[in-house]
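**Q** One-letter residues, chain by chain:
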Amino acid sequence: MKMIVAIIRPEMCQPVKDALKGIGVNGITITHVLGRGSQAGLKFTSRVGEFVVDELDKTKVEVIIEDDSLEQPVIDAIIKAAETGKPGDGRIIVLPIEKFIRIRSE
Amino acid sequence: MLSIPGATAATVEGTEDSGSISWILVSSALVFIMAPGIALFYGGMLRKQSMSSMITQTLIAIGVMTLTWVIIGYSLAFSGDGTIIGNLQYMLMNNLSESAENGITSNTLEFAFYQMMFAIVTAAIVLGACAERVRYTTMVWFLALWSILVYAPMAHWVWGGGLFAQYLTVLDFAGGTVVHICAGVTGLAIVAFVGSRSMRTRSARAHNIPFAFLGCVFLWFGWFGFNGGSALAANGTAVHAVVVSQIAAACAMMAWAVIQYIQVGRVGVLGLIAGAIAGLVAITPAAGYVDIWASLVIGLVAGGLCYFAVSFFRNKTKIDDALDVFAVHGVGGIWGAIATGLFANPAIVTDKYAGLFYGGTDLIVGQLIAVAVTIVFCFAMSYAIIWLISKFMRVRVTEEEEMVGQDLTEHGEPAYLM
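Chains as they are written, first to last, in our numbering: chain A, 69 to 174; chain B, -2 to 415.
Looking at chain B on its own, in the form it has when it is part of the complex (with noise of 0.2 Å):
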């Protein structure tokens, strides 16, 4: 997908289309839904005394990612032909149009919006995996930084013609290295950084599983926009990937379903829940260039390649990442950009890109390359910057204020009365 995409575009170029506007209006509408479900879903899955905190957290997120989109992060990640950051032609919002014009269906201001809420969500997903531990203020200094000094050029590097774009064969749909490796590295950093909870709040269990659930739902609702939306245009394309998603989403489930059964001899709501959350993570860089075949690959192996991934990270390392960002949301990003690779089908890519089945090497030398160039950059970037504010301010929480939950010794507002 290009910065200015046209990329599949089925009506006259510089046409206003309402039908698409009305689509790319609704899809980032379901994408802004998945930053609260992500507050539900995380919420959830950690002790009762942290609900609230989680909630503040995702709150918060949406207030910051907003402001440094609009005033520099869209400008930086969408604007110019510089090799690592855009310039600050769109800053403010200045200069985005309102009627179509440049071979898109919808126009810029919409489609700054629509990304807008995937700076959002890429955010909200990161403080998962290091819930619980990190001082609330420093999650916010955090956000601010990270969203110009990471996520701006990764945005840049896959969509905004930069790096990847210029010296790789790189197909991204709907954001597999920008938000899901992005995300589950920059968590990594973090939790690399700070280090792990206490025994106790690390053997908690979920307090509650109906809000996990829900926060689920919310996501795999937002999903059919996240990636239906990312075709730019009410087409072909966009059906293709909310189809491919649903029977992505539902393969990597059932496989999780089934790895577990055989494993553990019993299947529940949070293994359900991973698995397809799994399933929707790899499908997104694939969702517009793969047949439906392709699709279930996809999704029964994130489905048993994360259950793996999480039951990895979980016993045979020390890493506390609370819920499973890295093995979920990096690994299925992981698997998903190189499946992308795989399968890619010229017939479908507008830019005619074969994955390594139909014959083409470049894509997934090129999609290789990007997982791994993503990796190093996030993960060196966010550590820089998790350091660089320790240097100003108290990173953690103390064991005592950890013990007795964020929700209270940073907010002043449990979740619950009891």
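For reference, chain A alone in the conformation it holds in the complex (with noise of 0.2 Å):
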């Protein structure tokens, strides 16, 4: 079993929501978060000089998949989903899970 943590811009949230669908996978759990990427935020310059905004708006997706042979597939429909080509874009990162208890049948 993993766990598939996708960082991504708020607004490729609904994409992505239907992309995991479209294969299949209905169990997510949404977040969302403030955080910078390797870029450390965003430079901007005013007329009193440069100041930087660090804690960007950001959308963390978590999706656990019983199948391990489902974790391509559901990489893939996140980076179709998500990607812009511009920085900013997310990160995704894929755990190992050590136990998964559903909360009604135990």
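Check the hints yourself; a few may be wrong.
Stated by the list, open to error - What the simulated footprint calls covered on chain A by chain B, stretch by stretch (three residues with Cβ under 8 Å from a Cβ of chain B suffice, anywhere in the stretch; the number is not a length):
id, segment
1, 71 to 85
2, 110 to 122
As the list claims (entries may be wrong) - Covered by chain A, per the in silico footprint, the following chain B stretches (three or more residues, Cβ under 8 Å):
id, segment
3, 193 to 203
4, 397 to 403
Just so you know, these hints were derived from the structure itself, not from any lab. Cβ atoms here follow ideal geometry from the backbone N, Cα and C, with glycine treated the same way.
Two chains, two frames, a set of hints: combine them into the complex.
**A** Have a look at this one:
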């Protein structure tokens, strides 16, 4: 079992949800998060000098897949839906899962 | 209404009427509160990253419009008998009287102050259309030029004895064309020039519904001064205007609610407040001229018309009028101006102008021409101003600035800590 965590642009949340549904993945957890990437935020120039905004709005999508063969299709679907080609498109992290317990049926 | 409007003065000419003086002072204060109300109304409907940006823009609009109005705007709007523009007789508010004269029951300084509030509110309404994409400094320059090149001529044409008064049979009680059509079309012109916001910003939801509600309440509250004060005396016309304003607002809100319920299956705060504003806008030009039953009709039609206008502009056009300023103020104002031409009752109108339903045709023709002229003039002139400014400075925020929000990138003051 794997957990796939994707940090994406907020406006790409709906396309990513649709893409995941398209490959049969329905269970997801969505969190609105703040963060920065390798560029360390955005730099702006104002009349009084430069300043950096390093807490940018992002959306975190977490998917748990019971069948490891779904790993690559999920990653492909997220990339296809969330990519704009510009900095700030986000990251995908794949984690192993130690235990996976459904609350209702235990 | 005329420039030195004796329209409905019930008292003896030239006699100071402290009741009227106090009512116009109170009305001025009521209209003033609409401007900060707009900051809450608009700010609440935008993303949380744009809240203090909207407050700052509204405050600077108060500053800019007050100064230009005092220095030159009032004089250009309300002096002389020029067709296009007035003269400099009242520059810096010179030669204004602090005691009653010229047949009005209050005085000219008070009238200039009351009209200043209209100029401020009109400017503030524009901000909602082009929110979240025009740079702050650009907006300041735009408003300064616009107040002289667009607002002052418009006020002169309608109320100052200019173009419309000279060549047309036109009624505009409290500013349907000068304030609402003008603001809506100006917003549209800026949006046409600068373009849409990014998909992310466009699809964002209102961040604070209670603020939007509070702002709407300030607007509704202020509107009693906006329409009631436009009688320019504490008299029956003022009472009539206030009563029909309430009726039209409630009718439009109810009409919006019913249509939204039928179409969408539910009713919410943002729909109800847009409906109320649509009714208030539509009754504005007609408030002193139509019967109570007509105000019911005007309100009901305004609610329905503006609902479909909002849905049309949102779904069928690429225009990104952020807060539906044209769909509500523009379309509502156009309907109100036409409705004045339909329902004006010569028994109520001092100059005995009759609407179409009372057998008059001059008025409806005049109203239609005035609406068309207002739309063409405000669009062309506003577009020219923003184009001119773009030759000297950057007009639009960058994509990154828009994403992070103007609160931070332009003002360094986010409205909320998180």
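**Q** It remains to establish, for every hint, whether it holds in the given structure.
**A** Results for each hint:
no.	hint	result
1	71 to 85	holds (count 3)
2	110 to 122	holds (count 5)
3	193 to 203	holds (count 4)
4	397 to 403	holds (count 4)
Hint violations for this structure: none, all hints satisfied.
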